[in-house]
Structure formats: structure tokens, C-alpha cells
Amino acid sequence: MNADFRERQQALTIRKLAVRYSNSSQWVLQDFDLAVRSGEFVVIIGPSGCGKSTLLRLIAGFTQLQQGEIVIGKRVAATAGGVCIPPEERDVGFVFQSYALWPHMTVKANITFPLEQKRFTALQREQRVDEAIMKFGLQEHQHRYPAELSGGQRQRVALARALVGQPALLLMDEPLSSLDVALRKRIQDELLIMHKEWQPAVLYVTHDQDEAVKLADRLIVLNEGKIQQAGTPYDIFHSPNNSFVANFFGEVNELVGSVVENQGNGLSCIRIGDHIFILARTQSSLTSGERVRVFIRPSWVDIQEREDMSNARITDSRFMGAYTDYSLEWQGIPLRVSTQNTISKRVGDSIFLKVKDAWSIKTSE
Amino acid sequence: MKRIASWCLFILPILFIIYPLWNLLTVSLGVSTMQQGISLTAYGQLLQDPQLPTVIQNTLYIAVVSTIASLFMGAMAAILTEKTDIPGRQGWRLVFILPVLLPSYVISIAWQHWAGPVGLVNGWLQHLLGRTIWNFAGIHEIVIVMAISHMPIAYLLVRSAINAIPGHLEDAARIAGARPVIVFTSVVLPLTVPALANAALLCFASALDNFGIPAFIGIPSGITVLSTLIYQKVIGLGNGQFEQAAALAVVTGLLSMIPVYFQGKIFHGPKYSREEGNREKRIYLMGKWKWLLVLLIGIWQGVTVIGPCIAMLLLSLAPAYGVPLTLSNLTFAHYISLWTDTPVVAAGLKNSLLLALISTVVVLLFAWPLARRIVLAPSSLITFLDGIAAVPYCLPGMVVGLAVLLTWIHPIPGTSFSLYGGMTILLLAYIPRFYTFGIRTWTTAWARFSLHMEEAGHVAGAGPMTVTRRITLPMFREEALGGGTLIFLLAFTELTLSSLLAGSQFSTIGVIVFSMETAGRALESAALGTVLTLLTLGLSAGVCKYLLDEKNSEEKETKI
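So the sequence lines, in the order shown, correspond to chains A and B.
Its first residue numbered 1, the first sequence is counted upward by one per residue in the numbering used here.
Its first residue numbered 1, the second sequence is counted upward by one per residue in the numbering used here.
Just the calculated beta-carbon pair ranges, DEER-fashion:
1) B/Phe384 / A/Leu183: 39 to 45 Å
2) A/Glu140 / B/Leu376: 38 to 44 Å
3) A/Val256 / B/Gly463: 54 to 60 Å
4) B/Gly463 / A/Lys226: 54 to 60 Å
5) B/Val193 / A/Gln64: 30 to 36 Å
6) B/Arg448 / A/Leu183: 29 to 35 Å
7) B/Ile299 / A/Leu183: 51 to 57 Å
8) A/Glu148 / B/Thr185: 20 to 26 Å
9) B/Phe384 / A/Phe120: 50 to 56 Å
10) A/Asp31 / B/Leu534: 56 to 62 Å
11) A/Leu183 / B/Thr185: 33 to 39 Å
12) B/Leu296 / A/Glu140: 46 to 52 Å
13) A/Arg119 / B/Leu128: 53 to 59 Å
Below, a list of computed lysine-lysine pairs in the BS3-like style, where the Cα atoms sit at most 30 Å apart:
14) A/Lys118 / B/Lys281
15) A/Lys16 / A/Lys226
16) B/Lys288 / A/Lys118
If you are wondering where the hints come from, they were derived from the structure by calculation, not from laboratory data.
The structure presented is a predicted model; accordingly, all values stated were derived computationally and were not measured.
All C-beta atoms, glycine included, are put in the ideal place defined by N, C-alpha and C.
The whole structure should be built from the sequences, with the hints applied where relevant.
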């Protein structure tokens with residue numbers, strides 16, 4: 001299919017969505033907007049209970065919404081109190097956390113089932129299924145039952161079954177969470193290759209940030225039923241919208257300061273405590289004197305052993321393998337730093353640190 | 001001490017299970033007391049018995065047809081209560097398992113008064129239409145009552161298979177484009193096939209085993225099946241009848257082993273990975289139809305269970321047989337006469353209660369060490385013992401009863417003391433017969449229990465006795481109560497074994513109802529049947545919860 005044409009199409013549009021469970025007054029999702037373009041790999045990440053699985057079940061049609069609307073492709077799939085296309089007519093793929101392979105059917109029968117529900121000739125069906133089995137490397141296993149497969153193979157069957165009908169939208173609900181770490185990494189790679197090959201729009205839910213960063217074209221951080229931030233993994237890591245997002249993606253030093261001068265090129269000079277002045281990336285609207293929250297990731301700080309200068313003291317250190325974690329006291333402020341350099345200084349010694357990068361946002365007061 | 005316990009574990013089953021059965025075999029081969037060689041005379045005579053082909057034909061006909069009917073009803077009931085949104089599912093569940101708790105001879109009595117040739121329904125129809133159009137007597141009646149009374153076996157098995165299906169499997173089928181009907185036929189139904197097969201085997205085995213129904217309905221109308229034939233041969237006690245009865249029992253026993261063999265061999269249900277979270281089951285919306293379904297279930301239950309019970313109750317309150325009951329002539333005389341005129345009833349109740357109590361306690365006590373080993377230290381010997389323990393229940397009760405009778409009827413060597421006629425011989429039959437229920441009770445409890453909890457107790461410094469008393473047993477309380485009540489109920493209303501083994505001095509309540517029925521005292525047997533029904537219902541409150549396994553199935557449902 002023409003790439004430009006796909007680019008322009010929306011695979012999924014969600015507007016002003018709100019949902020709550022029938023026996024509860026608390027909203028699971030509220031005021032939720034989302035658009036997924038054709039061929040885009042969108043990952044939704046959030047802590048457990050943030051509503052991410054509910055969102056997928058809503059899109060698939062297993063749960064009813066209370067407000068808003070869901071449009072899949074060009075078709076309105078669900079509106080509050082109005083349209084509700086049943087799951088079998090929504091033409092989406094779904095990969096379940098438990099794979100949900102049918103234990104009484106062989107691998108091939110599992111993959112064929114979605115096509116049997118549509119109008120295909122036996123020949124077309126056979127061709128498509130064989131193609132899928134080939135692409136997923138399941139030739140040797142096609143006549144086995146799911147119980148005879150390894151975890152990775154089951155994962156592949158689940159994926160093949162979800163993709164064989166060539167849905168425009170593929171929903172994946174933590175599909176790798178029951179695999180061990182090494183296998184998970186391998187399947188992630190396979191997943192990216194498959195995505196290139198089949199080009200579906202993917203909405204992928206996970207709570208694993210490494211996985212999210214690796215897979216996503218676009219990342220959406222969800223917490224308490226609301227989108228905290230949406231953007232590329234790079235943006236979310238480097239310029240978090242709030243302290244939840246900052247903390248959710250790895251360790252961060254969170255400090256309070258005030259703007260001394262907004263230089264206008266996206267950088268501001270910020271004062272932290274009484275004596276520290278650093279240059280931080282900022283939102284452009286900040287003005288002098290404004291209170292800000294400053295985020296400094298441990299890897300954004302450089303520490304050097306200098307004889308002539310020192311501005312911090314080591315209070316703790318821990319060797320972590322590829323890098324070393326240090327806890328420092330930086331002119332009265334505790335700071336966590338990680339470095340790959342070898343430092344000969346020990347706990348209690350003085351050291352010189354330099355902040356290479358920092359990000360600040362307005363404090364929400 | 002420990003060694004003695006281990007030896008007992010091994011010796012007791014041999015002495016009380018294998019030895020009697022071995023004895024049965026030797027008697028059938030004519031090598032009972034005298035030193036004589038093996039002879040197949042008894043089998044030969046059996047083959048010449050002109051009655052035998054009819055009896056086997058009857059037995060198989062009843063077993064096959066009632067199994068099909070039980071299976072159909074049980075599967076329908078399971079689908080209706082577990083997979084639809086019909087109102088009052090919890091209540092229907094209880095009603096559906098009720099027949100398994102009522103002794104089958106009580107259902108027979110009730111059914112005869114309900115739909116028998118002179119039953120309530122026929123009375124109405126005659127009143128309405130002026131003639132008898134309903135004549136379900138004899139073999140059809142046996143089949144119907146058998147189907148009703150074994151339906152819960154199929155219901156419970158299919159139900160638990162349905163509930164074990166992870167909801168995701170159905171979601172996956174829907175998202176793959178299947179309509180709810182297709183989801184049901186291509187995912188739910190195939191996954192319950194193994195359970196259906198198992199249920200068929202169990203219903204079939206139960207039909208071979210059953211004595212109460214053919215005894216209460218078949219004997220009066222001259223329809224004989226294997227279990228009643230053995231009984232008649234033993235009670236007849238003619239020349240060489242013991243040998244013939246033993247030979248017949250051996251044949252029956254072998255016949256009943258066929259389904260047991262198959263059950264072990266072929267049908268393994270699907271195993272599901274225990275995924276976290278989402279264990280909710282999917283139910284299918286019936287829309288407006290659900291009220292029609294409720295109406296149908298109501299009629300079905302009314303006809304098969306509730307109606308018969310009411311007919312029995314009404315008859316027991318009537319002044320005399322055939323006299324229409326009105327508010328003014330309603331009488332409790334038959335209930336009172338149960339106690340005053342027939343002292344044997346009170347004694348029988350006492351005997352049965354005592355027997356049931358002792359059996360339950362002994363079974364649970366003796367099952368504990370074996371069950372513990374089955375779960376914690378399985379070995380081929382333990383598996384073998386587990387299998388042996390199941391034999392007395394898998395064999396038809398009449399076969400077991402005869403084996404026990406032949407083994408212990410003779411005076412103990414050197415004395416003139418015989419166990420026959422007392423409580424001991426009944427216990428020697430009841431305890432092996434229900435032993436496997438004790439094992440099931442404890443093994444299911446153990447399977448849910450994490451051994452770490454015991455280990456934590458040991459680490460905290462408690463000895464084995466303290467750990468068992470303070471940690472393990474309290475956690476097993478519910479299972480023990482449920483399983484114990486089930487054993488108690490079965491032993492309390494037992495008829496098959498006691499019909500052979502209970503002497504006139506030590507009658508059980510089942511035997512008393514039986515003799516009342518054969519003596520034609522219909523009103524009193526109806527009264528006693530009603531009393532038994534009420535007693536059973538009272539006791540079964542605990543068992544229902546146990547049978548429905550409510551602890552495991554959280555009532556979380558998602559509509560499909």
C-alpha cells in the first residue's frame with residue numbers, strides 16, 4: 001500500500017472518552033483524547049490500575065463507554081448511549097496478555113479461525129494462512145496444539161492470529177509480560193520486524209518503560225485515567241511534563257529553583273538553593289523570578305576528580321556493573337549521579353560536579 | 001510409631017478391600033470353605049439362567065438411556081446457570097444439585113406418587129379428561145427417575161468445565177470476528193467435551209451401581225436389573241445361590257470396570273495457564289428470551305423434583321390411600337405412628353445416625369495420612385493405594401456388599417461369634433466404600449494449601465502436632481465440613497450395602513423404608529420419605545456450597 005496514503009489516514013480516533021465501572025462512581029478514564037495514524041506504533045504506558053487495559057477493551061468493544069466516541073478507521077465504532085458495533089465487526093486484532101490461544105485447536109486452526117469468520121474462498125484462506133505461518137516461522141509447529149509450544153512460539157501464534165485478517169488496527173495488552181527477560185528482548189525485535197512487514201497501526205499497552213521506549217513511535221503516559229504526556233520516547237525522557245512522568249521514566253533528581261534569566265533560546269539560568277546557578281532547558285514562557293521545578297537525571301551530571309576545585313562531597317557509592325551510582329551532597333543539596341568513569345575518590349571525599357543538562361518546568365501552584 | 005502407621009496404611013486396604021473382593025472371586029469359583037478345586041459351575045448355571053439375558057438387556061438399556069438423558073439435562077442446566085443471564089441463577093444452581101443429595105429411593109417414592117400409574121398427575125389428568133392417558137410404569141419410570149437422580153453428576157462436571165474456561169478465549173474469538181453463537185459453538189462447547197465424556201462414564205457407572213430405583217420401582221413391576229438380581233439371589237438363599245450370586249457379582253463388577261478403565265485412559269480435560277487477574281467469566285445475554293427460559297426451567301424443575309416432593313408430602317398427610325386430601329381431613333397421624341406404632345423407625349434412625357457419624361469420622365481420620373502422602377510424597381505405592389481405595393466406590397454397591405457379606409458372615413474361627421447382623425459388619429462395608437471420598441476431601445484441600453504455610457510454622461518453632469492442629473486443620477475446616485457432610489449424608493441414607501448386611505436387630509433407615517414399601521405401607525413410607533427429605537435438605541446446606549466450589553469461583557461476570 002502507498003505509504004503517503006496510509007500516512008494521511010487515521011486508524012483510530014478517540015474523542016472525549018469517559019468510562020467507569022457499573023458499580024463504581026469513580027471514572028476509570030476521563031476526558032480522554034487519542035489519535036493513532038495508520039501504520040503508527042503507539043505505546044501506552046502507566047502503572048497498574050491506570051486504565052490502560054480498560055482502554056483496549058473499550059476499543060475492542062468488550063466494555064461500554066459512558067461518554068465520548070470511538071472511531072475506528074472511518075467508522076464510528078461506539079458513542080455514548082448510541083452506536084455500539086460488536087467486537088466481531090470492528091475489524092481489529094487483539095493480542096492478549098495470556099495469548100488466549102484456543103487449546104482445542106492446532107496452531108493452524110487457531111490462525112485460520114479469523115478468516116473463517118469472513119468471506120473468503122477456501123483457496124484464499126489457505127494462501128493467507130500459509131503466508132502467515134511462513135512469516136512467523138511456524139511451519140514446523142502448525143499441526144501442534146498450543147500446550148505443546150514454548151512461550152515464545154505461543155506469542156508468535158497469538159500475533160499471527162491477530163494479524164492474519166490484516167486488521168488496520170492491532171491492540172496489544174501487555175503481550176510480553178509473561179516471558180522471561182532474554183526472550184522478551186528477542187520477541188521485541190521480532191515484533192518490530194513484523195510491524196515493518198504488515199504495517200498495522202498498533203496500540204500497545206505495557207508497564208515496562210524499557211519496552212515502551214524501544215517499541216514506540218509515539219509514547220503516551222497514562223496515570224489515573226488521564227494522559228500525562230504524549231510524544232516521542234526522547235521527548236518524554238528529556239522533557240517530562242510533570243514529576244509523575246519524570247519519575248516514571250527512570251531515576252531523577254527533582255529540585256526546586258527560580259528563574260534568574262530566560263535566555264530566549266530555550267535555555268534559562270536557574271538558581272537552586274542560595275548558591276547554585278545552572279543552565280537548564282525550559283519551556284519558553286518562563287519569566288525571571290518564576291518558581292520552577294528542575295529535573296536532573298543522574299546521567300546528566302558529570303563528575304570529575306580535580307585537585308584545584310571541588311563543589312560536592314561523596315556520601316555513598318554503589319557499583320552497578322556498567323556504571324556506578326553516587327550519592328553526593330552538592331552545597332547542601334542531596335544529588336544522585338551515575339557515571340561510567342572510574343573514580344578513585346571514596347565516601348567522604350570531595351569532588352567536582354558539573355551539570356551537563358537539566359529540564360525545568362513551572363511549579364504547579 | 002511412625003512405622004506402625006505406615007504399615008497400617010498398607011495392610012488395612014488389603015484386609016478390608018482386597019481380601020473381601022478376593023473372597024468373592026473364590027466363592028464364585030467354588031473354592032469357598034472346603035478344599036476343592038476351581039470350578040466354573042456357578043458361571044455355567046448362570047449362563048443357563050433364562051432370566052439373565054433380559055436382566056442384562058434391562059440393565060444396559062436403563063444405563064444407556066438414563067445416561068443420555070442425564071447428560072442432556074445436566075449440560076443444559078450447566079449452560080443455563082453458568083453462561084446465560086437468566087435471573088435467579090444462584091437459586092437454580094441449588095435446585096439443580098438437589099437430586100444428588102436426596103437418596104434415590106426417596107426420589108422413587110416421590111416420583112411414583114407424582115407420575116406413577118396412580119399418581120397425582122394421573123389423578124388430575126383423569127379428572128380433567130376422564131381417562132388415563134399417562135402410563136409411565138416399569139422400565140420407563142426407572143429410566144426417568146434414574147436420569148433425574150444422576151443429572152447433578154453431569155451438571156456439576158460440565159459446570160466446572162465451563163467455569164474453568166478463561167474469558168480471554170471467548171474474547172479472542174469475538175475479536176477474530178465470530179458472533180456470540182459461533183463463539184459458543186466453536187470455543188465453549190468443544191472445551192466442555194472432555195467433561196461431557198467423563199460425565200457420561202460416571203452416569204453410566206452410577207446407573208449400574210444404583211439399587212434403590214430398580215428395587216423400589218422395578219421389583220414391584222417385575223423388572224429386574226443386575227443389582228436387584230444379585231439381591232434376590234442372596235435373599236432367596238436357595239441351593240448354590242451364594243455361588244451364583246457371587247458369580248453374578250463378579251460379572252457385574254467386571255462390567256462396571258469398563259467405564260472406569262476408559263475414564264483413566266482417554267479423557268483429559270484441557271489445562272489452562274493460570275493467568276493473573278481476569279478470571280471473570282463471560283455470560284451470554286438472552287434478552288427477552290431469558291424470561292421464557294426461566295419459565296421453562298421452572299416447569300422442568302417443577303415436573304422433575306419439586307412436584308414429586310409435593311406429591312409425597314401431600315400423600316403423607318392424607319388420611320388413607322386414595323382419599324383426596326382436603327384441608328379438613330389433613331392429618332399428621334402417619335408421622336406420629338412412625339414413632340409410636342413402629343418403634344423400629346426410631347431405632348433405625350438412631351442406627352443410621354450412629355453409623356453415618358462413625359463412618360464419617362473414621363473415613364476422614366484414616367484418609368488423612370494417605371491423602372497427605374498422595375499430595376506431598378507421591379510414589380507408585382501411594383498411587384496404587386489411592387487406586388485401591390477407589391475400588392469399593394467404583395464397583396457397584398451390591399458387589400461390594402456381597403463381598404463383605406461373604407467374608408464376615410462366618411463366625412470368627414474358634415468362636416461362635418459372627419459379625420453378621422450387628423453394626424460392625426455395616427461399618428466394615430461403609431468405611432471402605434466411602435474411603436475414597438475422604439481422600440478426595442483432603443487432597444482437594446491440600447492442593448489449595450501451600451506447604452510453605454506449614455514450613456513457616458515449623459520455622460517458627462512449632463512441632464508437627466502443633467502445626468497440624470493450629471495451622472493446617474483450621475485452614476481445612478471448610479473442606480472437611482463439606483466433604484464430611486457429604487460422606488455423612490451418603491452413609492445416613494445408604495440402602496444398597498445395608499439391604500444385604502443389616503440384620504433384623506440392627507436395621508438402617510434405608511432398609512426400613514424399603515421394607516415399608518414392599519409391605520405396601522405407602523402412606524407411612526411417604527411420611528418417612530418426607531422426613532428424610534427434610535433432614536437431607538437441612539444437612540445439605542453445607543454440602544451445596546462445597547459441591548458448587550464457591551470458594552474458587554468468584555462471581556465476576558462480563559456480558560458478551
